[in-house]
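There are 2 protein chains.
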Amino acid sequence: MTRHIVEEAQLREVVGLDLTTVDVIERAFKALKEQAVVMPPVLSMELPAVNAEVDIKTAFIPGFDGFAIKVSPGFFNNPSLGLASLNGLMIVLSAKTGLVEAVLLDNGYLTDVRTAAAGAVAAKYLAPDHVGTLCVMGTGVQARLQAQAAALVRNIGEIKVWGRDYEKAVVCASELEASLGIPSSAIADAEEGVRTSQLVVTTTPSAEPLVDASWLHPGLHITAMGSDQEAKNELAAECLRDADLYVCDRVSQAALLGELRTARAHGFMDSDPAELSDVVTGRHRGRRDQSDITIADLTGMGVQDTAIASHALSMISRSA
Amino acid sequence: MTRHIVEEAQLREVVGLDLTTVDVIERAFKALKEQAVVMPPVLSMELPAVNAEVDIKTAFIPGFDGFAIKVSPGFFNNPSLGLASLNGLMIVLSAKTGLVEAVLLDNGYLTDVRTAAAGAVAAKYLAPDHVGTLCVMGTGVQARLQAQAAALVRNIGEIKVWGRDYEKAVVCASELEASLGIPSSAIADAEEGVRTSQLVVTTTPSAEPLVDASWLHPGLHITAMGSDQEAKNELAAECLRDADLYVCDRVSQAALLGELRTARAHGFMDSDPAELSDVVTGRHRGRRDQSDITIADLTGMGVQDTAIASHALSMISRSA
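Those protein sequence lines, which keep their order, are chains F and X. Position one of the first sequence corresponds to residue 1 (our numbering), numbered consecutively onward. Position one of the second sequence corresponds to residue 1 (our numbering), numbered consecutively onward.
So here's chain F without its partners, still in its complex pose (with noise of 0.2 angstroms):
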């Protein structure tokens, strides 16, 4: 057996957010509902002395090669040292004899895409079908990555950016202009991106809601994505309780880490609701109507992980 260690560049250049990818999470999700996917809770360690955070993810596949555990180290004071705050890498696993087929020392690239593909799911089935405006709330890496998502599976007029720090947002709306060709601009009124979008994506680690409820309007859809901490929450506990459809990830998850986590905290959303993967295969409609207002709550799952981790293996020994 070939045991490959794979660096980051090389994982870059034969994995991108394109369509080919966005098929790969979705079939992921498929996979959740339609064969015994065996995926533990998420291994999280808390490491107050040093600001950081590690989260392990792993999932089992049947039919599938080989299976990835994710290590997703967060320390944030990196950025002090001129680091980045997230990095990581996937090992993966024979799924027949438990050996180890790659290490792939990706530094959280190919969760970077992972979670955007999943977003592109997430709009694919749930937005409307025109989005004349998609805003993004957040100006970091997958701020950039969930507009580029998003243009995969719909045609978007326009792009508004909104960040904590306006600066930010306005190089965030200029590099997203130059790269989608999309008309794009910053905005300093998070409730205008809301009123004005038929697509919103928050992709913060806001510890406190960013939307309220009372800006939601009829034929918009919301991605929320930063929430993945039990400490994070990005949408109003409302927001939930008056859209005409929530769903998750994984109910599990998005109970301890997600949005319905602080909605339940507040009284709402008692039963489980249904995951964007009963969308995904058809066995709940998804939105209804064009004016529904939809919501998607994505805390990312193992099986994105061993998803993306064997595409980028199939693709390495095509590429060899």
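One or more of the hints may lead you astray.
Copies of one chain are not kept apart here, so a pair can be met inside one copy or by any two copies together.
[What the hints assert, rightly or not] Capping the alpha-carbon separation at 30 angstroms, the derived lysine-lysine pairs in DSSO-like fashion look like this:
no.	residue 1	residue 2
1	Lys168	Lys33
2	Lys96	Lys124
3	Lys168	Lys30
4	Lys168	Lys96
5	Lys232	Lys96
No lab work stands behind these hints: they were computed from the structure.
Please arrange chain X on chain F, whose structure you already have, making use of the hints.
Below, chain X without anything else, positioned relative to chain F:
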């Protein structure tokens, strides 16, 4: 930063089962009580479809430059393919930045060594001073290593090896006599082994008790290290009840995965027992008398992985 990708052969060159390694693991047990160690519950994934399981352990020890994330796959159909069941690797992340410092492709070697070294720590603190006879139950890699570990901390007069398969016990005894220079023999009767020994180490994956409480006798120490999954059990529940002292490595783990689980299922051991690290740090006096009957129940901890991985990296730096 140099990032190390280290193969098993190189790890075997720099890390062995010796008093240096026992000291490294003893200090890990100390750290558990004396420092603000962060050690989350084991991530355990059962894969019945392929007769396999994967465990992931980690621990952050303040003052260490890095911390290990250890992936231990057990694929129990492997022997039919001519492969070992147990494999795996350790990732070492910087404790300051979370960046990957090393990937130790040890195929489980460091786990074998740190597990045996914990047995040495248990024997050092809990076995009677004079161990005329050591009985090893089981005939695999860990049976051999536990005998070697015991011989590091006690002058062993003779070794008796018991196994389900007598032929394998004969081979194991012969190898131990050759490698350790201690008279060793296979025995067919587990009861004889326990009744005539001062130190017993059980190293099997048994699901049924191997040791009956009626066999216990004054001046006996048992280390049970085979039980690390819910279905495993090496000591009859009454052994824990009848011993003068029972300690485990981590109460929260032993209550789920160790002998403590079975004993509690039988209605014994309601209150939380001491941990081996309490004895190592002098918080618990341990054996009070040479005639005491003591038991140590070891399920394996992330602190051992971080300690042995850090030791391996420092040895590699030194040899570079």
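Verification of the supplied hints:
no., hint, verdict
1, Lys168 to Lys33, "neither (40 angstroms within a copy, 46 angstroms between copies)"
2, Lys96 to Lys124, "neither (34 angstroms within a copy, 40 angstroms between copies)"
3, Lys168 to Lys30, "neither (36 angstroms within a copy, 48 angstroms between copies)"
4, Lys168 to Lys96, "between (47 angstroms within a copy, 27 angstroms between copies)"
5, Lys232 to Lys96, "between (38 angstroms within a copy, 23 angstroms between copies)"
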